[in-house]
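Build the full structure now, drawing on both the sequences and the hints.
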Amino acid sequence: MSAPIIKIDGISKSFGTFKVLDGLSMQVMPREKLALIGPSGSGKTTILRILMTLERIDSGHIQIDGEQLYHMERNGQLLAADERHLARMRQKIGMVFQLFNLFPHKSVIDNVTLAPILTKGMPRATAEKRAMELLEMVGMADKAKAMPAQLSGGQKQRVAIARALALQPRIMLFDEVTSALDPELVEEVLNVLWRLCSETDMTMLLVTHEMGFAHDFADRVLFFDRGKIVEEGKPDEIFRNPKQERTQGFLKKIIAAGHRV
Amino acid sequence: MTQWSGYFGLILQGALITIELTLMGSVLALIMAFLAGLGRLSRFFVIRALATAYIEFFRGTSIFVQLFWAYFVLPFIGISLTPLQAGVLALGLNVGAYAAEVVRGAIQSIGREQYEACTALNLGRWQAMRHVILPQALLVMLPTFGNNAIELLKATAVVSLISLTDLTFQAQVVRSQTGNTLVPFTTILIIYFALALIISWGVRSLERRMARGLDGVRV
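Line order of the protein sequences matches chains X and S.
Counting with my numbering, you get residues 5 to 265 for the letters of the first sequence.
Counting with my numbering, you get residues -1 to 217 for the letters of the second sequence.
Since the hints were made in silico from the structure, they are not lab data.
Cβ coordinates follow ideal geometry from the N, Cα and C atoms, glycine included.
Heads up, none of these hints are tricks.
Output of the computed footprint for chain S on chain X, the stretches with three or more beta carbons under 8 angstroms from beta carbons of chain S:
id: 1; region: 54 to 60
id: 2; region: 107 to 113
Computed Cβ-Cβ distance ranges for the label pairs, DEER-style:
id: 3; chain 1: X; residue 1: K149; chain 2: S; residue 2: M208; range: 14 to 24 angstroms
id: 4; chain 1: S; residue 1: G58; chain 2: X; residue 2: D86; range: 31 to 41 angstroms
id: 5; chain 1: X; residue 1: E236; chain 2: S; residue 2: F32; range: 46 to 56 angstroms
id: 6; chain 1: S; residue 1: R110; chain 2: X; residue 2: S16; range: 20 to 30 angstroms
id: 7; chain 1: S; residue 1: R206; chain 2: X; residue 2: D13; range: 53 to 63 angstroms
id: 8; chain 1: X; residue 1: D13; chain 2: S; residue 2: R110; range: 20 to 30 angstroms
id: 9; chain 1: X; residue 1: S16; chain 2: S; residue 2: L72; range: 52 to 62 angstroms
id: 10; chain 1: X; residue 1: E71; chain 2: S; residue 2: I45; range: 25 to 35 angstroms
Sample of chain S residues with no beta-carbon within 12 angstroms of chain X, all distances over it, derived:
id: 11; residue: S3
id: 12; residue: I9
id: 13; residue: A13
id: 14; residue: L21
id: 15; residue: V63
id: 16; residue: I75
id: 17; residue: I77
id: 18; residue: T80
id: 19; residue: G200
Given below as structure tokens:
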């Protein structure tokens, strides 16, 4: 049994008086594909944002690949992480956002090459060659010269995935990546996720409302409610035979809303 | 007629001084705008405080007084400036203070999601600013920068008070020598207006060039 690549230990996070995460602990094994489901405000997106260092935790510890994310050891003491430590830790993690967050002033290929050139000092020619391979993989190679504003939502999201992959993270976080898309565009993005899932050995955390996809994609499903993991297990267990009342209630509502499981 | 052409020559010389002042003042204003505008967003209190003090002071006092200070008071502490230097200094610092707020506002208008994408891609603070935030913010700044440049152009008229031979100064010379007010002041009115039009037009075409591709239509 190898060591977990993500180890979350009793973290809490509040926004004002609202406690989003309440002493949450969880572990993720390398290569594991995880689906995080639950009602909005349950804290699942916040976990991804905390792992990407977009939000800070109030208390608790997080280890990525055996190293503290928000703390660093100096002379046997745990200190708050400085920007350099965070930058080193971020190299292991990539994130794709609900609203794509592409850089509107840069062409598709420049969106993909910017970070490798700046953060890894990759020569432009190498970065562009690798970017084209990634764009090929997400089916966007023919739009390499296009500007983001010329693309559909599904195309933007595929570019955003290529952009995150360009830094070769070991962990990828997907935050409701199909929620902002028109229904007919959801599938092209899910197809890309599916390829990543079956062809790479990245650890993937997926926050989603696509229950059918979560079922097929995930090794393990975590159901969140009010900042806690209420239930977790294999997709079949969670979706076909949920034990907790709150999970049952949530899935019933989701199915009533027309999502297939 | 030959006499009038001589006077127009004077006014044209004045126009050159006005243009020179406007250009040099704008360059200084631009530098100050970015220094102070970025300074106000600094992580360090001292830099924020310095930037804020500069902006508030130069917005809160008259350009007229600032100019007299630069030209007549600075010599008392051993800094003697030529009229042109004093003019550029006062104009640049004054307009730069207004433009600094434009820089700050434009940077803050860029959505949080752009900063978050930069963090997720592990760009450093300065890399994010330089490659992602500023290029987008610049487009927001441009129209107001155009306004600032026109304000600066018009403010150059005050330098005639420290004997710099700009448009307004030359118009006064012509007026005192000919006794005619209508011709010289109408002439410089038109020249100021024409210069302002050139600035507007230049800024607008720059804006169009920079916006290319951003809306998905014009590429």
